[in-house]
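> These are the residues of each chain, in order.
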Amino acid sequence: MLLSKKVAVVTGGGRGIGKAICLVFAGKGSDMVVADIDGAAAEQTADQVKALGRNSLPLEMDVTQEESIRLAVERIMTEFGRIDIWVNNAGIGSRAMLHEMDPVQWDRVLNVNLRGAFLGTQAAARIMMNQNGGRIINISSRAAKGGSYGHCSYASSKAGMIALTKSAARELGAYDITVNAIMPGFIATDLTKNLSDGITQPEQRVLKRPGRPEDVAYAAAFLASDEAEWITGTSIEVTGGTGMFAG
Amino acid sequence: MRYNGKTVVITGGAGGLGRAFGLGFAAEGGSVVLADIDADRLTRNAAEIKAVNGGRCETALCDVTRANEVEAMVSHAMACFGSVDILINNAGGSLGVPKVPIDQVDEHDWDRVMDLNLKGTFLCTRAVAGHMKKAGKGKIVNLSSITARVGGQLTPVQYVSAKGGVIAFTRQVAQELGPSGINVNAVAPGIVLSGERLEKMWYERKTEEERSDYLSQVPLRRLGSPEEIAEAVLFLCSSAADLITGVTLDINGGLFSV
Numbered sequence: 001m002l003l004s005k006k007v008a009v010v011t012g013g014g015r016g017i018g019k020a021i022c023l024v025f026a027g028k029g030s031d032m033v034v035a036d037i038d039g040a041a042a043e044q045t046a047d048q049v050k051a052l053g054r055n056s057l058p059l060e061m062d063v064t065q066e067e068s069i070r071l072a073v074e075r076i077m078t079e080f081g082r083i084d085i086w087v088n089n090a091g092i093g094s095r096a097m098l099h100e101m102d103p104v105q106w107d108r109v110l111n112v113n114l115r116g117a118f119l120g121t122q123a124a125a126r127i128m129m130n131q132n133g134g135r136i137i138n139i140s141s142r143a144a145k146g147g148s149y150g151h152c153s154y155a156s157s158k159a160g161m162i163a164l165t166k167s168a169a170r171e172l173g174a175y176d177i178t179v180n181a182i183m184p185g186f187i188a189t190d191l192t193k194n195l196s197d198g199i200t201q202p203e204q205r206v207l208k209r210p211g212r213p214e215d216v217a218y219a220a221a222f223l224a225s226d227e228a229e230w231i232t233g234t235s236i237e238v239t240g241g242t243g244m245f246a247g
Numbered sequence: 001m002r003y004n005g006k007t008v009v010i011t012g013g014a015g016g017l018g019r020a021f022g023l024g025f026a027a028e029g030g031s032v033v034l035a036d037i038d039a040d041r042l043t044r045n046a047a048e049i050k051a052v053n054g055g056r057c058e059t060a061l062c063d064v065t066r067a068n069e070v071e072a073m074v075s076h077a078m079a080c081f082g083s084v085d086i087l088i089n090n091a092g093g094s095l096g097v098p099k100v101p102i103d104q105v106d107e108h109d110w111d112r113v114m115d116l117n118l119k120g121t122f123l124c125t126r127a128v129a130g131h132m133k134k135a136g137k138g139k140i141v142n143l144s145s146i147t148a149r150v151g152g153q154l155t156p157v158q159y160v161s162a163k164g165g166v167i168a169f170t171r172q173v174a175q176e177l178g179p180s181g182i183n184v185n186a187v188a189p190g191i192v193l194s195g196e197r198l199e200k201m202w203y204e205r206k207t208e209e210e211r212s213d214y215l216s217q218v219p220l221r222r223l224g225s226p227e228e229i230a231e232a233v234l235f236l237c238s239s240a241a242d243l244i245t246g247v248t249l250d251i252n253g254g255l256f257s258v
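Protein chains in written order, with this note's numbering: chain A, 1 to 247; chain B, 1 to 258.
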């Protein structure tokens with residue numbers, strides 16, 4: 001199988017895209033560490049991973065807390081002895097027009113999405129540099145390129161993840177660690193199900209069907225696989241073709 | 001097997017990348033049609049692809065810059081296998097045209113390099129689009145280049161411009177064909193020693209020091225292989241990439257990405 005005998009960590013693995021990544025990876029043979037700030041959600045995903053016949057470890061982990069990440073990594077290394085793949089997927093949104101946005105909202109989104117991805121990348125890099133190999137995947141967003149009406153903090157954090165991805169790729173390439181990002185378009189998840197009112201402007205899409213969490217998971221699986229060995233520092237848009245109408 | 005029952009047309013089928021694409025698709029059940037102007041190498045690559053367990057491969061002598069030859073090639077593919085599900089617009093190259101200052105670029109060289117890389121992509125896409133629309137599905141992957149992103153040290157402007165055109169063409173056609181269930185994407189490889197001309201450029205036209213300087217700028221510290229480009233192309237043509245369209249995927253060891 002494509003990811004057989006790998007050990008993969010997914011932050012925000014309790015639901016939505018993170019959960020789909022856990023299940024798709026497990027289906028391809030990977031053992032899964034399901035990290036989520038919601039421990040119960042992490043356990044539910046971990047149970048589904050086990051049902052697919054793979055080992056799984058649910059962890060309650062807060063990506064904004066260095067100590068929480070440190071403890072998680074310690075636990076992972078005790079259980080599995082290595083980390084082959086780390087997916088920085090944990091993320092939140094915050095809807096407000098920028099002229100009305102409370103800076104506290106801005107800070108919270110940047111803290112979880114961007115600082116969380118930095119801390120995750122740092123933790124993963126420290127393990128993977130010793131292993132001389134590994135895959136880091138950041139779940140960014142098409143909003144990183146296109147901006148997002150009513151979600152400036154979210155879009156800014158996701159654009160920051162792209163620069164983080166490229167910088168990490170430059171530093172870690174010498175250790176055979178690849179770092180890439182995925183920019184999903186609109187994907188139907190718990191995070192996005194309440195977005196369809198006046199403050200959100202859905203982007204046009206050229207393919208008929210809407211995006212599913214699995215679409216993102218398949219792209220992540222490709223980037224995590226041996227097939228993507230020479231791909232680093234880049235991002236893949238998984239959008240059904242949005243943002244393609246410039247007149 | 002991801003490509004059971006799928007017919008894959010690969011232009012530039014006589015070269016190193018075309019060979020890797022053909023072997024990759026054939027190994028996963030695809031029926032391959034290799035098109036090129038070089039009959040000898042075409043035959044050689046086809047023989048290798050047929051040697052893959054259960055490998056099916058037909059060849060077509062075809063100059064992608066000539067509309068009538070492209071139409072005949074696609075008709076041949078339809079006659080052989082009954083469908084064209086996947087098109088890889090891989091025919092291309094700089095035709096040995098030297099990089100010269102812009103005020104000295106020969107107009108005829110400009111035309112023939114543009115024709116091979118950009119017009120060829122257009123003609124082949126046009127020739128399969130009707131079949132794919134009728135089928136309500138299809139995958140097209142075009143070959144761009146890292147030089148379209150950053151410019152080329154030894155690469156002539158004609159080639160770089162054509163490969164930039166391929167990126168724009170990819171987006172526009174993806175937009176148009178998306179509602180018909182057809183995905184159109186591109187890959188932009190970094191330096192891959194896929195043939196003699198590229199090997200010559202890498203080993204003879206760069207000094208040892210230039211090569212090592214270049215590699216030190218590549219985060220992964222090495223060049224790519226045709227097989228690595230093939231893996232990305234195969235992914236883009238698979239059902240796992242059904243929601244990916246209009247993109248150009250950079251595959252270059254981390255040297256550059258938009």
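I should point out that these hints are in silico values taken from the structure, not numbers from a laboratory. It is possible that some hints are incorrect.
Below, simulated BS3-like cross-link-like pairs (lysine-lysine); rule was C-alpha separation at most 25 Å, straight line [claimed, not checked]:
# : chain 1 : residue 1 : chain 2 : residue 2
1 : B       : 119       : B       : 133
2 : A       : 208       : A       : 166
3 : B       : 134       : A       : 208
4 : A       : 193       : A       : 166
5 : B       : 99        : A       : 208
6 : B       : 119       : B       : 50
7 : B       : 134       : B       : 119
8 : B       : 119       : B       : 99
9 : B       : 119       : A       : 208
> Would you mind marking each hint as holding or not holding in the structure?
Comparing the hints with the structure gives:
| no. | hint | verdict |
| --- | --- | --- |
| 1 | B:119 - B:133 | holds, 21 Å |
| 2 | A:208 - A:166 | violated, 32 Å |
| 3 | B:134 - A:208 | holds, 16 Å |
| 4 | A:193 - A:166 | violated, 31 Å |
| 5 | B:99 - A:208 | violated, 44 Å |
| 6 | B:119 - B:50 | violated, 30 Å |
| 7 | B:134 - B:119 | holds, 23 Å |
| 8 | B:119 - B:99 | holds, 21 Å |
| 9 | B:119 - A:208 | violated, 29 Å |
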